[in-house]
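Using the sequences plus the hints, can you model the full thing?
Spelled out, the chains give:
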Amino acid sequence: MNLAHKNTLNWIMVTFVLFIVLLLAGMFMRIIQANMFSSAQSWFYPMMTLHGVGMAGLWWVASIACASRVLSRYTAPSECVSRFALYGTVLGVLFLLASVFLGQFAAGWYFLYPLPFKGGWPTWATLSFLLSITILGATWLVWILDLLRSIAKKYTIGQALGWHYILGKTGPDVPPAVLITAVSLIAGVACLLSGVVVLLFFYYEMLTGVANDALLMKNLTFLFGHLLVNLSLYLAVAAVYDVFPSYTGRPWPSNKIVAISWNSVLVIVLLAYFHHLYMDFVQPTYFQYVGQIASYMSSIPAAVVTVFGAIALVYRAPVRWSLGFTLMFFGLMGWGIGGIGAVIDSTIAVNSKLHNTLWVPAHFHTYMIEGLVLMVLGYFYHYCQEKTKLQENLYFQKIIAALILVGGYGFLLMFYLSGAHSIPRRFAVYPADLSSGAQLSGIALIFISIFLLGLVLYIYETGRRWVKSLDV
Amino acid sequence: MKKFSAMIATLFVLIMSGGAIGANSGENSFQLKCAACHSIGGGDQIGPDLMGVTKRRDPNWLSQWIIHPDKMLNEKDPIAMELLKKYNQVPMPNLGVTEAEARDLIDYIAAQSETQKKDSAVPAQQTTQEPPSAGVFFGGLKGVQLTALVVFFVLSTIVVFVFWQIAKSTRQPVPTIDMKSAYKLRKWFFFGTAVLVFGTLIATLPKTPYPDDFQTPDRLVYVAAKQFGFSFSSEPITSASDAGQSTIINSLELPQGALIEFRVTSLDVNHGFALYDADHSIIAQTQAMPGYTNRLRVRFPKPGTYQILCLEYCGLAHHLMHAAVTVR
Ligand code: HEM
Ligand SMILES: [Cu+2]
Ligand SMILES: [Cu+2]
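Those protein sequence lines, which keep their order, are chains P and L.
Quick note on the working numbering: the first sequence kicks off at 1 and runs consecutively.
Quick note on the working numbering: the second sequence kicks off at 1 and runs consecutively.
If you're looking for bench data, these hints aren't it; they were derived computationally from the structure.
Check before you lean on any hint, since a few could be wrong.
[Said to hold, decoys possible] BS3-like cross-link-like pairs, simulated, lysine-lysine; straight-line CA separation at most 25 Å: (1) K468(P) with K387(P); (2) K85(L) with K118(P); (3) K142(L) with K207(L); (4) K142(L) with K118(P).
These figures come from a predicted structure and were not determined experimentally.
This is the structure:
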């Protein structure tokens, strides 16, 4: 077995295991919120932290793993670095588990300064958490720098970003997957660097006792968090761009429009993070407006170029609706729906009523669970199926997709309704006045179970191919 | 579930009645720093019921514990370790209590335990839990929240419909489609999206909640958030020591219709400050950030009680951090 194949299989396995574990942590939170397991209440916030950091990190690495596999069709990323990234990620996760399970560290997934220092958990738990994030950040930085290196070896920066398409000059054909990956990874460097700066500020305060500026820390934290989540999605979209043509039999090449759209994404994604600070009235008002304008603008390239392009590719094409293609197709739909929820919330006047309500988890879980996750799972299935060419039972596969869609959207609907009812996010227990939050949690549990069933069947269907492809 | 609502209701009643009785420094500190986790005679919350604790424990231990519980936990004080185990390993945080404040607190807890004993015949008030019904989905939605939900449903339905049609179209495949007309369609789609985007931007950008300098507020209220409570004052509170000296308003009452400016800050971590109306709907909010003061302007539309909840995760008792305003 060659190293590239082995690496991909490893990432697939890590994704399956962690996804199930972290999903159960999510389910646990909904159980507590439904008032069904009061004696375990004190574990709510540690679990929330584990679930949040875990999921955000997991889908970030899973989509880099997809992007690196796709890239290797055109460039030569180092497989040793990918192996190193796997070990680094596992090590980081161990520190995370220690801080959450042994130290009950519970500062939430973006560990907003200065809560990690003032939460009541032991200092070593905070240190273990910060070390975990440092290890993960450093590992991923090495990984994406290597991917960028492999692109730079074949293309100049201008070519990788498709500037010759924009300027109408001649140049090499750059597959859209390479272009999108280049855009995402360049922003990814900014993302990880802002994470590093946040961590350095934390360590500095730990060593010297000099307090940091809370507003600056919040800006840096959200630059990091916002980019991490958005870039994960773009990387998964790159994989979809790459495999769609093989299902529809139509090419999806780069051109001027694709290049313009992804270059504008590079700028927009860096500016949109301001929407996380709308309710910080001391933030310069100018930034708040930039936040809303950038957030709105980001919908244009996504909807008009990528989603429209995908639709044109599929419209009346001779598609075989196998599990891989079905998931990726509906992944684009989920991305769109989550995007609508996001743009609504990125309206300052609306955010004033929805900020930090369950509307927020509602929209980001939509483009995660029904967007990114479906694209990545679709791609993983596609990968294993290509290697093994097993018989596909399309009827069974349709049922799997249906369970995942019905379970997922039902679960999400409860979040949206709660958000509209002003139910706060991150409440272990809802006050008596907001008891509808607890009832909606209970209903969500039914849908989570349906989703889980679909996921288990998916893992069975893909796992069989995974096992078989060990021998190829 | 019932038990839980009863507990919250009791806590609530305690806090409200506490506010009504009036000023006393032990009581102030208790409401501000302890009530999120403890009741006196109302049953265990995150921490133990403190009824009779002044008799149960050695006075010296008690004041040491209230002043620096973190230190005692670090030193593995045996009683502290036992309590920690009993209360789900949630450590009581250091709340910056001074020695004098601790004395007041202990007096207050002792006095309160006595009165509670006499009153124990009076049952705690219970809120009745409504049975689940269809109302839980859409009942009571209004205003911006309702609009957001409707817009979301309409746009999502369009997206789902389009994807469904596209999926169905693959039943009648053709080898190639006319890309020219696809590009033409895309142009229209682009204009449509652009008009929608820019139209909404122009319509909504002027409606921001940020304070301007053209209007002077009728009343200023200074708010200091602290794990896990809010304190209100008519003078600025910027540090823990101010909080001890400024006159704290115990039960906040504000006039209906007047322009109120809340000057919100935090004395420890980031908190939220969200106003909920009588229908349990958010009417306005801002963040409480240490080192900064956010100015939130509100006109209360109707008389009644408005709840204040912390909407930024601030630690283990985040969901218990609340206060109330009475509008007349
Ligand atoms: C079916 C699977 C999932 C379930 C049942 C689930 C459930 C939950 C719940 C109940 C919360 C807490 C909501 C609250 O604030 O009250 C939450 C938060 C969160 N979830 Fe999930 N989730 C799932 C999948 C995912 C995925 C795929 C991601 C990918 C990124 C994710 C990322 C997060 C993050 C970042 C948070 C915020 C944590 C925080 O506030 O610190 N979740 N999830
Ligand atoms: Cu708070
Ligand atoms: Cu809070």
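Hint check: K142(L) vs K118(P), CA-CA at most 25 Å. Holds or violated?
violated (38 Å)
Between K468(P) and K387(P), is the straight-line Cα distance small enough, at 25 Å or below?
The given pair, whose Cα atoms are some 9 Å apart, holds under the 25 Å limit.
K85(L) and K118(P) were given as a pair; does the straight-line alpha-carbon distance stay at or below 25 Å?
holds (21 Å)
K142(L) paired with K207(L) [C-alpha distance capped at 25 Å]:
At roughly 18 Å apart (the allowed maximum being 25 Å), K207(L) and K142(L) satisfy the hint.
Hint 4 from the list above is the single one not met by this structure.
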